[in-house]
Amino acid sequence: ETGVTQTPRHLVMGMTNKKSLKCEQHLGHNAMYWYKQSAKKPLELMFVYNFKEQTENNSVPSRFSPECPNSSHLFLHLHTLQPEDSALYLCASSQEGAGGRGNIQYFGAGTRLSVL
Amino acid sequence: AQSVAQPEDQVNVAEGNPLTVKCTYSVSGNPYLFWYVQYPNRGLQFLLKYITGDNLVKGSYGFEAEFNKSQTSFHLKKPSALVSDSALYFCAVSGNTGFQKLVFGTGTRLLVSP
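Chains as they are written, first to last, in the working numbering: chain A, 2 to 117; chain B, 10 to 123.
Derived from the structure by calculation, the hints contain no laboratory data. Where hints are given, some of them may not hold.
Derived pair list, reagent style DSSO-like, types lysine-lysine, alpha-carbon separation capped at 30 Å [claimed, not checked]:
(1) B:K86 <-> A:K20
(2) B:K86 <-> A:K41
(3) A:K42 <-> A:K19
(4) A:K20 <-> A:K41
(5) B:K31 <-> B:K86
(6) A:K19 <-> B:K67
(7) A:K20 <-> B:K110
(8) B:K86 <-> B:K58
(9) B:K78 <-> A:K19
(10) A:K19 <-> B:K86
(11) A:K37 <-> B:K86
(12) B:K31 <-> A:K20
(13) B:K78 <-> B:K110
(14) B:K67 <-> A:K20
(15) A:K42 <-> A:K23
(16) B:K67 <-> B:K110
(17) B:K67 <-> A:K42
(18) A:K23 <-> B:K110
Values in this document were obtained by computation on a predicted structure and should not be read as measured data.
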């Protein structure tokens, strides 16, 4: 185990549903990330939270809404998704220092999302 | 902007043979380079990284990678492949953004046959 837990592992939802993905890290890290992994595409960084503040939002559609209530928990709220949003959603965490580079990210096992 | 290229979708190698998974990068300034591995139904696991110093970096499970600045490459290698090394391998680079932001390649599937 990497110390990063994601639930649920699998999720099937219709385009009109609202659901949430949860991520919890037990590593005492101060930064958390959401990635989207689609077949034959590079991992897409969606959101970054550093000390609970969102520092990165890579032009992600508003149907994806992140929430970081504390440094250990990260949520991704989903609503009115499209079939092309079907993918593996990965959460990661890292410990960021003043330099902000070269730190290892630890990944959860992901949530496999299917949008019907 | 930084980028990473993994030119091979899949690499096939027989068990016991050496393996190489290729990666080239583009970044302004000095790169921080990483290799991660993903086994089926799992998240990515860190293998090794290059920040500075010796161009040959040793990592987990007997893997190593060679940083070549002139060729802007960071190929992953292992002297003797195991069937259990079969997985998806990702190269990643962090540039001079002032904050950890990894850019990943598309991944290379390694298939080691018995």
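Would you check the hint for K86 of chain B and K20 of chain A, treating anything up to 30 Å between C-alpha atoms as holding? 42 Å, violated
Assess, step by step, whether the Cα of K19 of chain A is no farther than 30 Å from the Cα of K86 of chain B, and give holds or violated. 44 Å, violated
Taking only the CA atoms, is the gap from K37 of chain A to K86 of chain B under or equal to 30 Å? Distance ~27 Å between K37 of chain A and K86 of chain B Cα, so the pair holds.
30 Å limit on alpha-carbon distance, applied to hinted pair K67 of chain B and K20 of chain A: With a Cα-Cα distance of about 42 Å, the restraint between K67 of chain B and K20 of chain A is violated, given a limit of 30 Å.
Decide if the proposed pair is consistent with the structure: K78 of chain B and K19 of chain A, CA atoms, cutoff 30 Å inclusive. 48 Å, violated
Keeping to a limit of 30 Å between CA atoms, is the pair of K31 of chain B and K86 of chain B held or broken? Given that 30 Å is the threshold and the Cα spacing comes to 9 Å, the pair holds.
Starting from K67 of chain B, check that the Cα of K42 of chain A is at most 30 Å away, please. 27 Å, holds
Hinted pair, alpha-carbon criterion (30 Å max): K86 of chain B, K58 of chain B. Please report holds or violated. Within the cut-off at roughly 13 Å; holds.
Hint consistency between K67 of chain B and K110 of chain B [alpha-carbon to alpha-carbon, up to 30 Å]: 23 Å, holds
K31 of chain B paired with K20 of chain A [C-alpha distance capped at 30 Å]: 39 Å, violated
Does K41 of chain A lie within 30 Å of K86 of chain B when you go C-alpha to C-alpha? 22 Å, holds
Within 30 Å, alpha carbon to alpha carbon, are K19 of chain A and K67 of chain B? Violated, at about 45 Å.
The structure does not agree with the numbered hints 1, 6, 9, 10, 12, 14 stated previously, though it agrees with the rest.
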